[in-house]
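Protein chains in written order, with the numbering used here: chain L, 4 to 335; chain G, 154 to 519.
If you're looking for bench data, these hints aren't it; they were derived computationally from the structure.
Please note: incorrect hints may appear among the correct ones.
[To be verified] Calculated pairs, BS3-like style, for lysine-lysine (alpha carbon to alpha carbon, straight line, at most 30 Å):
1) L:LYS229 / L:LYS42
2) G:LYS330 / L:LYS45
3) G:LYS240 / L:LYS212
4) G:LYS196 / L:LYS212
5) G:LYS330 / L:LYS42
[Unchecked claim] With beta-carbon atoms standing in for the labels, derived distance ranges:
6) G:ALA204 / L:THR335: 27 to 35 Å
7) G:ALA238 / L:ASP32: 43 to 51 Å
8) L:ASN328 / G:GLY271: 18 to 26 Å
9) L:GLU189 / G:ALA266: 55 to 63 Å
10) L:ASN306 / G:SER174: 31 to 39 Å
Beta carbons are placed, not taken as given, at the ideal position from N, Cα and C, and that holds for glycine.
This is what each chain is made of:
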Amino acid sequence: MSRTYLASLNAALHDLMARDERVVFIGEDVRDPYGGAFKVSKGIHAMYPGRVFSSPVSEAGIVGIGAGFAMRGFRSIVEIMFGDFSILAADQLINTASKFPLMYGENVRVPLVVRTPMGGGRGYGPTHSQSLEKMFLGVPGLDVVSPSLFHDPGSLLMEAVTGTSRPVLFVESKLLYPSPLLSGAELRTRMLPGGRYPVAVAENFSGGKPDVVVLAYGGASLPVSKAMLALRQEEIKVRAFLPSALSDPPGADLLAELDGEAPIVIAEEGTESFNWGSEIAACIYERLLGRLRRPVIRVSSRNGVVPARQDLEVAFLLSEEKVMNAIVGALT
Amino acid sequence: MSELMRVPFLGANDDECLVSSWAVTEGSPVEAGQLLCVLETTKTALEIYAACAGFAYPMAGRGERVSVGQPLCALAEAVQADPGALKARLANDPAAAARPAAQITKKAEILLARHGLGIVDLPPSANRITEEVVQAFLASRSVNRESKPTKYSRVGILGGASGGGAMIVIESLLRGKAQQPICIFDRDAERHGTSVMGVPVAGSIDDIEDALRAGKIEAIVIAFNRNLEERASAFEHLRARGVPFANVVDPEAQIRSEVRMGVGNVILGGTYVGAESVIGDNNFISAGVHLEHGNRLGSHCGFGPHVATSGDVTIGDRVRFGIGVFVEPCLRIGSRCVLPSGAVLTSDVPDGHVVQVSYHQRLKPI
């Protein structure tokens, strides 16, 4: 039984606190025994009370303070309880933390990691279920990183906290927290070589070429992996590429892997328009236009607000069924 | 099929919850999507809706604490006389809601659709229809099957070094990827040591067997075609000595489905051989000849360009066609006949006959 997404993150937080006294952690309701709304930070307050701060309800405040700590030599980890609230910290993150290293050069470093869970599917309603990371893509100086079930989230978090001197928005997924990480037993998994934030590659077949290629990240890895398992029985061979650094355009390695005969499906949890997939598709067309047999297919949540009622929410969000239909549709 | 609804995953905060209220009573009919009950977690009141239509049988009481995965409500197909038995059965049987695997995989379905077929076109089978099954079926009835007229790739050419026969056979061989012209054997000793289109004239007919033994060539094709009797006897002479013959089929020739062919035939560019035709051995068929479906052609025949036969025509051995000969359907042309240029056949031709064409044509100075 492999470790859960949440357990991997929790272990990494403990590790980070233990190894480096400069690491500080700020979030709402993080004091033990509660340990945070989703329990990701459970236990670190008890062990390192001088460096774990439970804050008032002020996202702008805690990201600002986190940035300040970071500028003064600490390594800050700030937890925003629901990704929907990250908008409240947008000014601090975009206009301050991300810009200072660019404006003041090497004199100013901001090793700040802002962690937050995005995504719906729990009936939490329109303002607690969004996937808003797309709003932070394309911000100069800000890395947006999101681990999928095929990555080790803890390793990515460690890289973000220790390996960077500029801010990282670290996007987790509520639905994925209790899920066991996919170790390669069910679906063949490998990482593309190179890069601090690797691209995971997963396949539901062995040998031969894929029928369809899927691009996805983060929380979408849950419906995508379920779709791949279901389609294995239908003999449809799917190869999925899951980048972890969303703010990087697709590298030459990834584009080379996409240069084949298989149609491409991009799956993401955010709403339909002006999202990660739009940019990736544009990069694909720029490089591979004459070599594609058909247009890139994008599948996502609908445009609108996430309903609270379960059946409406299921119909609204990205789902295993929608991913399967997109994949089968790519072949017919 | 009765369905069992269990307490769903409640979020990272809660492994269990309170059954706050029921919206249905024992045995009440519900539609799919209808509200069954409300569960209360630490953060929210969660409404549970019926997954399908049926008769509802709650399996937890109001005010009871239930765990994730615990049976919550049974949805029966019909009103139950003994609800307890149904609940017990569903609670113990994890496969109660399992659906049977479809009889055909999606991939197989997609493959059939691409060829304009459906499941009904396949022979009936008790097993699940997979991609492999469909591929085998398509191969067996394929109308796009690639014909392989010859297995020999290193080809020696007999004759035609003067007069153009060797040249056009070599040119055809050079266009294809499967075969290679190696050398020419010609009776004219003056030609030995020269070459045609880069292919050397290596010797005469007597040198063929040595070349075969040495592995220089794998098979022979006869390129001279003015004299069909000579062509036939050279073929029979070499065949009797065990020399293999290759077919030369131009890449631009169209050989349709279910065509059977002997050996040593030359078929040049633009020629069409219709479906289910049978061709014998050692025929020389020029460019642009049209043999329609169901034709039966013997051996050692020679065709000028643009001969056209209709369907189901039978042609014997050693028949000489000029240019632009037209043959109506279902006719029989016997062996050793001569059909001069421009002939239009509307009746059978017995063995050993020449068709005398009469239309008036003369040359007049301008």
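Output the indices of the hints that this structure fails to meet, ascending.
Numbers 2, 3, 4, 5, 9 - these are the hints that the structure violates, sorted from lowest upward.
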